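Work out the full structure: start from the sequences and follow the hints.
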Amino acid sequence: MNLIDELRAASADPPPTRIDLDGLMSAERRNMARRRWVVACAAVFTVAASVGVVRLASPPDLGNAPVTTQVPDFAHLNPPERVWPNAIRSLPGTLPDGRAYQVAAALDDGTYLVRAEPDPAKETTDFEGPMVYDPVRATTRHLFDPALLNGMTAGISTGLPVKRVGGEAVWLLSGVRAGKPVWELWAAPLDGGAPARRLASLTEETGGGMVMTAFDTTGDAVYWSIPSADGKPAGIRIQPLSGGAPRYVPGYDLTGIDGWVSTAHTEAQHEQPIAGELWNMVTDKRVSWRVSGASESHICDPTACYGPAKGGWVTHGLDGSGVTRLGATFRTLSGAAFDGRFAIGIISPELRDGARRDTTITQVLWDRSTDKAASRPIGFDGSAVVGTAERPLYTWRDGDVYNVLDLSAIG
Amino acid sequence: MGAWCLGGVEDFRAYVASRLDGLRRTAYLLCGDWHRADDLVSTALMKMYRHWRRVSMMDNIDAYARRTLLRTWLNERRRGWRREVPAGAELPDAAHGGHERGVTDRLTVVAALAELSPKRRAVIVLRYFSDLSVEQTAEILGCSTGTVKSQTARALEALRVRLAQDVSVGGQDR
Numbered sequence: 001m002n003l004i005d006e007l008r009a010a011s012a013d014p015p016p017t018r019i020d021l022d023g024l025m026s027a028e029r030r031n032m033a034r035r036r037w038v039v040a041c042a043a044v045f046t047v048a049a050s051v052g053v054v055r056l057a058s059p060p061d062l063g064n065a066p067v068t069t070q071v072p073d074f075a076h077l078n079p080p081e082r083v084w085p086n087a088i089r090s091l092p093g094t095l096p097d098g099r100a101y102q103v104a105a106a107l108d109d110g111t112y113l114v115r116a117e118p119d120p121a122k123e124t125t126d127f128e129g130p131m132v133y134d135p136v137r138a139t140t141r142h143l144f145d146p147a148l149l150n151g152m153t154a155g156i157s158t159g160l161p162v163k164r165v166g167g168e169a170v171w172l173l174s175g176v177r178a179g180k181p182v183w184e185l186w187a188a189p190l191d192g193g194a195p196a197r198r199l200a201s202l203t204e205e206t207g208g209g210m211v212m213t214a215f216d217t218t219g220d221a222v223y224w225s226i227p228s229a230d231g232k233p234a235g236i237r238i239q240p241l242s243g244g245a246p247r248y249v250p251g252y253d254l255t256g257i258d259g260w261v262s263t264a265h266t267e268a269q270h271e272q273p274i275a276g277e278l279w280n281m282v283t284d285k286r287v288s289w290r291v292s293g294a295s296e297s298h299i300c301d302p303t304a305c306y307g308p309a310k311g312g313w314v315t316h317g318l319d320g321s322g323v324t325r326l327g328a329t330f331r332t333l334s335g336a337a338f339d340g341r342f343a344i345g346i347i348s349p350e351l352r353d354g355a356r357r358d359t360t361i362t363q364v365l366w367d368r369s370t371d372k373a374a375s376r377p378i379g380f381d382g383s384a385v386v387g388t389a390e391r392p393l394y395t396w397r398d399g400d401v402y403n404v405l406d407l408s409a410i411g
Numbered sequence: 001m002g003a004w005c006l007g008g009v010e011d012f013r014a015y016v017a018s019r020l021d022g023l024r025r026t027a028y029l030l031c032g033d034w035h036r037a038d039d040l041v042s043t044a045l046m047k048m049y050r051h052w053r054r055v056s057m058m059d060n061i062d063a064y065a066r067r068t069l070l071r072t073w074l075n076e077r078r079r080g081w082r083r084e085v086p087a088g089a090e091l092p093d094a095a096h097g098g099h100e101r102g103v104t105d106r107l108t109v110v111a112a113l114a115e116l117s118p119k120r121r122a123v124i125v126l127r128y129f130s131d132l133s134v135e136q137t138a139e140i141l142g143c144s145t146g147t148v149k150s151q152t153a154r155a156l157e158a159l160r161v162r163l164a165q166d167v168s169v170g171g172q173d174r
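Line order of the protein sequences matches chains A and B.
First residue of the first sequence: 1, per this note's numbering; consecutive thereafter.
First residue of the second sequence: 1, per this note's numbering; consecutive thereafter.
Hints in this document: simulated from the structure, not taken from any laboratory.
Remember, it's a predicted structure, so these values are computed and weren't measured experimentally.
A couple of the hints might just be wrong.
[As the list claims (entries may be wrong)] Partial list, derived from the structure: chain A residues whose beta carbon lies under 7 angstroms from chain B:
| no. | residue |
| --- | --- |
| 1 | L7 |
| 2 | S11 |
| 3 | L21 |
| 4 | G23 |
| 5 | L24 |
| 6 | V291 |
[What the hints assert, rightly or not] Stretch by stretch, here's where chain A covers chain B in the computed footprint (C-beta under 8 angstroms, at least three residues):
| no. | segment |
| --- | --- |
| 7 | 18-28 |
| 8 | 42-51 |
| 9 | 60-67 |
| 10 | 119-130 |
[Said to hold, decoys possible] Part of the chain B face toward chain A, derived, beta carbon under 7 angstroms:
| no. | residue |
| --- | --- |
| 11 | W34 |
| 12 | D38 |
| 13 | V55 |
| 14 | V134 |
| 15 | S168 |
Each residue gets a CB set at the ideal place from its N, CA and C atoms; glycine is no exception.
What follows is the structure, given as structure tokens:
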């Protein structure tokens, strides 16, 4: 087999594109105009947004709630604003300085840990680090002084994760120092009581490469996966925020759900495993899973398994029983939150003659404990699942408003 | 390519028109799904459009476009779900003979790519689909040429194991 020929053949005959270039350009022009306008009207926005704030109740402990098997009608769902209106807080669409931003976590006093998006008018991006944003007072407080970078320059300063770990913010920085790429984890107390510090260097573990863009957290530590040369799990390394050397735990990999690691290596596996274990390092709870045989491949979170089968996707229990079809519109599972209580998937119109009827991509957020679900079209709106294991957030922009759905506040 | 001199809307349209097919195919080989590939390319193009005045003055716009596409793909994976379902899993049962056999082979290659780690998948796509040199690939990925070579070798070996057949790469070195 000639790989070059095969790659060309594999990507030959693409379907008609869904990309609407004029629409993209119009949307971006509107965004840029809106950013400029928002700078001038920041005070007005802040007042308007504070009026719309929903006071959230204390988060109930609903993790690991029982899973029901009543599949929602994915083709006819309401948006989150109608399904869970009391769990949504609407924030200004931009920071006081007019820049767009991404929420990383909710803090206890109504403020947020955020990361600003780069100013499109600037030629370069800065190593700015995260900040605490108070939407009521319209203030931001930086947690990082770029003077601490010790010669790091010209790196990836956007799109890298920022997370809350207890009373601290932790974030990944990538740049170039002395001509070589470097990856570092930094931490700073959220109250600003001490300067930011370098928590760990990940440069060696990335092999100088680019894929170290994820880490997960426990209540007092961060952990990341170790790339392996042979495609088998090489384990994770856990770095306590209190310092010291990171601890090596072989055989596990990240799951994308804070606190949980998995024995099923998923990045370079040669065969689909048929069983595995998920381990919550905070509670020491261990969950075994086994595939049903109904699906051709599978994704298991701490609550249920999902996978594509002939005729569409299915879900089943962790022991392989209770296979339930999700219907023809369910296209793929793209994430999970709150110990797997919430499944996040993509739905699209049914197939007809091998082609989709339209180009709409819709994200569905499905509460497996109540089987309530909501959907919304996704685009370039910053939709993401962020926050902490105890207080996960689903965020998205809607015009000049930035919505934060607190999943832990959904009863 | 040389500098894209004007930096206006029509220049951006012209650039996209000339590169859209290649970007979509690159994205498809990275993510294994045409639907998602269009999303990735859309996001990357919007980022390029946002900075087009500056981007248009770059010596190598294509390298910037590929880098933007790669980072968009990596960020999407990070924000969503680290586990990816092999692309062939949601496609029809394997067919037999003639044209259908060809389709099956293509899916097999895409599925095998999907089982590579992101870095290895990226080096394979950039080197053997985008036809970039080791140095160009290293520049886009932000890593050393040694890393590109070692990742390429390991990726090719993994593909050989997965596809259960010899994988040649024409006259290119590994």
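Structure-based check of all given hints:
Checking L7 of chain A against chain B by beta carbon gives a least distance of about 4 angstroms; that is within 7 angstroms, so the hint holds. Checking S11 of chain A against chain B: minimum C-beta separation of about 4 angstroms stays under 7 angstroms; hint holds. The interface hint given for L21 of chain A holds, since its Cβ lies 6 angstroms from the closest Cβ of chain B, which is under the 7 angstroms cut-off. At a threshold of 7 angstroms, the smallest CB-CB gap from G23 of chain A to chain B is about 9 angstroms, leaving the interface hint violated.
Among the interface hints, the one on L24 of chain A holds; its C-beta lies about 5 angstroms from the nearest C-beta in chain B, closer than the 7 angstroms criterion. A cut of 7 angstroms between beta carbons decides the hint on V291 of chain A: the least distance to chain B is about 12 angstroms, and the hint is violated. Counting residues of the segment 18-28 of chain B whose beta carbon lies closer than 8 angstroms to any beta carbon of chain A gives 6, which reaches the threshold of three, so the coverage claim holds. Coverage of the segment 42-51 of chain B by chain A holds in this model, with 7 residues showing a Cβ closer than 8 angstroms to a Cβ of that chain against a need of three.
With 0 residues having a Cβ less than 8 angstroms from any Cβ of chain A, the segment 60-67 of chain B misses the three-residue criterion, and the hint is violated. Counting residues of the segment 119-130 of chain B whose beta-carbon sits less than 8 angstroms from any beta-carbon of chain A gives 7, enough to reach three: the coverage restraint holds. The beta carbon of W34 of chain B is positioned within 7 angstroms of a beta carbon in chain A (closest approach about 5 angstroms), and the interface hint is therefore held. For the restraint placing D38 of chain B at the interface with chain A, the shortest Cβ-Cβ distance is roughly 5 angstroms, inside the 7 angstroms limit, so the hint holds.
Look at V55 of chain B: its Cβ only gets to about 11 angstroms from chain A, farther than 7 angstroms, so that hint breaks. The beta carbon of V134 of chain B is not positioned within 7 angstroms of any beta carbon in chain A (closest approach about 14 angstroms), and the interface hint is therefore violated. For S168 of chain B, the shortest C-beta to C-beta distance to chain A is roughly 5 angstroms, which falls under 7 angstroms, so the interface hint holds.
When held up to the earlier numbered hints, the structure conflicts with 4, 6, 9, 13, 14 and fits the remainder.
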